[in-house]
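Undergrad: Here are the chains, one letter per residue:
There are 2 protein chains.
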Amino acid sequence: MKNLIVCLLLCSPFVLTAGEGDNPKDAIRKVLDAQVQAWNKGDLLGFMEGYWKSPDLSFFSGNNKAAGWQATLERYQKKYQGEKKEMGQLAFKDLSIDLLGTDHALVKGRFQLQMKQEAPTGIFTLILKKVPAGWRIIHDHTSG
Amino acid sequence: MKNLIVCLLLCSPFVLTAGEGDNPKDAIRKVLDAQVQAWNKGDLLGFMEGYWKSPDLSFFSGNNKAAGWQATLERYQKKYQGEKKEMGQLAFKDLSIDLLGTDHALVKGRFQLQMKQEAPTGIFTLILKKVPAGWRIIHDHTSG
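Note that the protein sequences, when read in sequence, are chains Y and U. Numbers in this note's numbering are just positions in the first sequence, counted from 1, shifted up by 146. Numbers in this note's numbering are just positions in the second sequence, counted from 1, shifted up by 146.
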């Protein structure tokens, strides 16, 4: 009996990594919630965990494109961690999550940032893909 | 023999509507090319053929959202066909088409408009879905 339990624990598909047992929409929402929590602790690298760590990640903002995870990180560092910059407090609003087949999703929403002096806001389109690490943003288009 | 040929013509999967026999990327490119051709003839309704004719179409531009095909058409009419407005000549550049599963695609690119006095440009993210009518844009995010 003990062996059976050990076997079940080791071999069963119910041995899941965090979030893997969620339905896709819940799993995606957790990724986005984790991004917001990381941002609001000033943890930019934690926020970047939501993005696909690949040179094929693409990030569109206004009239500019960043190609790859590293360039996306550097754009965030420059915009929010440079001299006299602040990250502020982030919130995502009006989120909608649509699954596109089994391995991709379209997420639409609005971001709001509460800074000391201003409160920038804008809208975004995210494409997420289910990769081995979990659901990750493979394309981000943000404008405001 | 004649009956066999008639049957083949009527029943065969090779009886295709226009573009249906293309591979998905070619079919998507034809939809976008047709949009550009329609725009450049001043045919806004022809251009709108590329969009999913549904209240669930979403169109994001800058900090604004339009919900549905009709609202998207009206936004284009107001912006490009109002008093003292012009449609100009449209070109799509730097197009990339990535299939997301079998029935969806992510298209990224840049638009360029040549007007009489100015030449606005911007970048876009399109999500297309294969619907019974063919590949159609179900979400457009444009910024510049």
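It is possible that part of the hints are untrue.
The list treats identical chains as one, so a pair stands whether inside a single copy or across any two.
Derived lysine-lysine pairs resembling DSS-like cross-links, with alpha carbons at most 27 Å apart [to be verified]: (1) Lys199 / Lys262; (2) Lys262 / Lys230; (3) Lys276 / Lys262; (4) Lys171 / Lys224; (5) Lys171 / Lys230; (6) Lys171 / Lys231; (7) Lys171 / Lys225; (8) Lys275 / Lys262; (9) Lys171 / Lys262; (10) Lys230 / Lys275; (11) Lys276 / Lys230; (12) Lys275 / Lys176; (13) Lys254 / Lys230; (14) Lys187 / Lys225; (15) Lys230 / Lys211; (16) Lys231 / Lys276; (17) Lys275 / Lys231; (18) Lys230 / Lys176; (19) Lys225 / Lys199.
In case anyone wonders, no lab produced these hints; they're calculated from the structure.
Undergrad: So, for every hint listed, does it hold in this structure?
TA: Consistency of the hints with the structure:
no.	hint	verdict
1	Lys199 / Lys262	neither (31 Å within a copy, 43 Å between copies)
2	Lys262 / Lys230	within (11 Å within a copy, 41 Å between copies)
3	Lys276 / Lys262	neither (36 Å within a copy, 46 Å between copies)
4	Lys171 / Lys224	neither (32 Å within a copy, 36 Å between copies)
5	Lys171 / Lys230	neither (37 Å within a copy, 46 Å between copies)
6	Lys171 / Lys231	neither (33 Å within a copy, 42 Å between copies)
7	Lys171 / Lys225	neither (30 Å within a copy, 36 Å between copies)
8	Lys275 / Lys262	neither (35 Å within a copy, 42 Å between copies)
9	Lys171 / Lys262	neither (33 Å within a copy, 47 Å between copies)
10	Lys230 / Lys275	neither (35 Å within a copy, 44 Å between copies)
11	Lys276 / Lys230	neither (37 Å within a copy, 47 Å between copies)
12	Lys275 / Lys176	both (14 Å within a copy, 26 Å between copies)
13	Lys254 / Lys230	neither (30 Å within a copy, 33 Å between copies)
14	Lys187 / Lys225	within (17 Å within a copy, 41 Å between copies)
15	Lys230 / Lys211	within (24 Å within a copy, 32 Å between copies)
16	Lys231 / Lys276	neither (33 Å within a copy, 44 Å between copies)
17	Lys275 / Lys231	neither (31 Å within a copy, 40 Å between copies)
18	Lys230 / Lys176	neither (31 Å within a copy, 48 Å between copies)
19	Lys225 / Lys199	within (20 Å within a copy, 38 Å between copies)
Comparing the model with each numbered hint stated earlier shows that hints 1, 3, 4, 5, 6, 7, 8, 9, 10, 11, 13, 16, 17, 18 do not hold.
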